[in-house]
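Visitor: Each chain, written out:
Number of protein chains: 2
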Amino acid sequence: MSLGTPAHTTTVGAEAFFGAGLACCRVFRLLRVITVRDFPYRSLRLHACHRSAGKRLAFEDREYTVQDLAAPGAFDGVDIALFSAGGSVSRKYGPAAVARGAVVVDNSSAFRMDPEVPLVIPEVSPEAMGNVRLGQGAIVANPNCSTIICLMAATPLHRHAKVLRMVVSTYQAESGAGAAAMEELKLQTQEVLEGKAPTRNIFKQQYAFNIFSHNAPVLENGYNEEEMKMVKETRKFWNDKDVKVTATCIRVPVMRAHAESVNLQFEKPLDEVSDKDDVAVGRIRLDLSLDDNRGLDIFVCGDQIRKGAALNAVQIAEMLLK
Amino acid sequence: MSLGTPAHTTTVGAEAFFGAGLACCRVFRLLRVITVRDFPYRSLRLHACHRSAGKRLAFEDREYTVQDLAAPGAFDGVDIALFSAGGSVSRKYGPAAVARGAVVVDNSSAFRMDPEVPLVIPEVSPEAMGNVRLGQGAIVANPNCSTIICLMAATPLHRHAKVLRMVVSTYQAESGAGAAAMEELKLQTQEVLEGKAPTRNIFKQQYAFNIFSHNAPVLENGYNEEEMKMVKETRKFWNDKDVKVTATCIRVPVMRAHAESVNLQFEKPLDEVSDKDDVAVGRIRLDLSLDDNRGLDIFVCGDQIRKGAALNAVQIAEMLLK
Chain A
1 MSLGTPAHTT
11 TVGAEAFFGA
21 GLACCRVFRL
31 LRVITVRDFP
41 YRSLRLHACH
51 RSAGKRLAFE
61 DREYTVQDLA
71 APGAFDGVDI
81 ALFSAGGSVS
91 RKYGPAAVAR
101 GAVVVDNSSA
111 FRMDPEVPLV
121 IPEVSPEAMG
131 NVRLGQGAIV
141 ANPNCSTIIC
151 LMAATPLHRH
161 AKVLRMVVST
171 YQAESGAGAA
181 AMEELKLQTQ
191 EVLEGKAPTR
201 NIFKQQYAFN
211 IFSHNAPVLE
221 NGYNEEEMKM
231 VKETRKFWND
241 KDVKVTATCI
251 RVPVMRAHAE
261 SVNLQFEKPL
271 DEVSDKDDVA
281 VGRIRLDLSL
291 DDNRGLDIFV
301 CGDQIRKGAA
311 LNAVQIAEML
321 LK
Chain B
1 MSLGTPAHTT
11 TVGAEAFFGA
21 GLACCRVFRL
31 LRVITVRDFP
41 YRSLRLHACH
51 RSAGKRLAFE
61 DREYTVQDLA
71 APGAFDGVDI
81 ALFSAGGSVS
91 RKYGPAAVAR
101 GAVVVDNSSA
111 FRMDPEVPLV
121 IPEVSPEAMG
131 NVRLGQGAIV
141 ANPNCSTIIC
151 LMAATPLHRH
161 AKVLRMVVST
171 YQAESGAGAA
181 AMEELKLQTQ
191 EVLEGKAPTR
201 NIFKQQYAFN
211 IFSHNAPVLE
221 NGYNEEEMKM
231 VKETRKFWND
241 KDVKVTATCI
251 RVPVMRAHAE
261 SVNLQFEKPL
271 DEVSDKDDVA
281 VGRIRLDLSL
291 DDNRGLDIFV
301 CGDQIRKGAA
311 LNAVQIAEML
321 LK
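Residue numbers (UniProt numbering), protein chains in the order written: chain A, 1 to 322; chain B, 1 to 322.
All clues given are correct.
Using 20 Å as the maximum straight-line C-alpha spacing, the simulated EDC-like pairs for lysine to aspartate or glutamate come out as follows: (1) Lys244(B) to Glu225(B); (2) Lys241(A) to Asp292(B); (3) Lys244(B) to Asp292(A); (4) Lys241(A) to Asp291(B).
Treat the hints as calculated values from the structure; they're not laboratory data.
Work the whole structure out from these sequences, hints included.
Guide: As C-alpha cells, then:
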C-alpha cells in the first residue's frame, strides 16, 4: 500500500477476498495460481485500501474493479479471503472478514504464532487445518516462505526419524523483497558491469555481485526476524517445542527461488531417504559429523513466491472445498 | 598450465620459487603480496613448465624471464619455493625442491593431509611450523581457501571453549575458479540482462543470477572434495580427530571473497567472544538451539585469493625469516 498500487479482493468457491497487497504483482501471482490450478469459484473480487478502490485491474480476459477494504459490508458474502498484504492489514481487516463468516488464508506473519490459528502446508500437514470449515469464520496462516521451503523437505524426515536439531543457512532471492528489488538488482548489475556506482533505493547494501544478511530487522538476541520465523514456525508446525532450530538468512543476487542448506540431526538412525515433494531436494548426504546415520545434510530449493506464498495459500483454499 | 600461461619461480629471502600456475594471475597475486608486504628477498625467480620457459613477465618496474621447472638444477640456490600450481605439479617438483634444501610453501592440496607436512595459518597456528627451518628442505602446506577463512574465525573460539561440532555452509565467489570464471560471470550476466542464452565455457551451470553446488568432484559419500577438505583439514589443523565437521559448499555469483555461515557447538559454555582477525566475522549469535551458551552462529567473510592462498603463503615464508 505504501506504493499506492492497486490491491485486491477475491471471492473463491462461493466468494473470496484478496487482501491489499504491497505490490500489484502479489495479486497477479495469486490470480495466476488460481487460473492455472483451475480453482473453482462462483465469484471473485479484489479488495484494497480506499486509495486503490475504484481502480481497474485486467487479468487474462477479465477486468476487476478494486473494492474498498474498509467499506461497510466489504466482506459480505465472502467465503474465502486470501490476504496477501502486510501484517498490519491482516490484523486490522482479518477479524472483520472472520466476523462475516469468511475463512481468511493469511500470507502475512500477523497470526502465524497465534495458538488458535493453524499454520498449514497442505502437502505435509493437512491435519493442521483441524476444524476449519467453509462457512465458519476462521484464520489459517501461511508459513514464512523460507520456512515452507525448508519444511516441505524436512517434515517427512522429521516424521520418519524425529529431528532433534536443525541448522539452516539460506540463499534467498531478491524477489522475496518485491518486484522493485528484483528490478533494482538488474539495474545495479548493469551499472556495476559498466563500472558505475550502483543505485540503492531499496536496500542500503549493494546486491549486484554481492551477498548480505537478510534485511529483516535484527532482534536483541542477534537473530533477525526472518531467522526467528524459521525457529518459531518450525516448532509450531511440528508441534514440538523442544526441537532445536537455528538459522542464518542471507540474500544472494538471484532473481527468483530460495535455496537453503539444511543440516538435520535425528533421534533415530536413518534407513532410507525419499524425496517426493515439489520443493527440489538435492545433495542428500548422511552427515558424517554424527554417528549411526543420525544426521543428514540436504540442499533444498523452491520458488519462494509460488510455493512460498501464493500457491500455498490457494492450496489451503482448495482444502476448504474438499 | 592447461591455459599455456607463463608461470613462475621466485627466490625469496635468499632465494625462492613460484610454482607453475594454472593462470598467470596467481603469480601476479603472489608478486603483489610480496611487494605490498615488502617481503625481503635477495633474488626472486619465476619457474613454470617448459612451454612457458623463456617467456617474459613484467611486474611493476621489473621484468622476469620464466625459467624451466624441469631443467637440471632448477632449484639450486632456492631457499623458499612458493608453489601455486596444481597438485600434480607440486607432487612432481616439490620433492625435487626439498632435495635441494628449499622450503616449499605449497598452495595445492597435494601434501595437506601428509602427517609429516605442517598445515599452517600463521596468525592462528604459528606453532604448527614445528621444526621447519630455512636451509633445511621441507614442505609446508597452505590449507584450502574455505578452510583458512573458516578457521581464522573458529580456531580462537576452539581454543577458548573446544568445538565439538561445526556445521558450515559456504557462499563461494567465482574467482575461486580462476580469472576465466570471473570473466565468464561478467559475460553471462550481460547476456542474461540482454535476454540472450549465457555462454558456458567453464562450468556447465549458469552462474549469472544463479547459485550451484561447488564444482569440485563429488565423492562416493555424497560430499564433494571441497567439503571434504574442510572436514579433513580442520581435524588436522586442530590436531583433533574427534571434532565433528560437516560442510555444504555452494558457489554464488560474486566476483571475489568467500563467505561462510558457520555453526559451532562447544564443550564449554561461552563467556565472551572476541574477533580480532583479518577475516571479517559478523552476525555473532549465541546459538539458541543449544543450551547453556554452548553454541554460536557466525558469518565469516574473507578474500579467498589473498588470505585464502597468496597472502597465507607469503606469511608462511615470512615466518621462516624470523
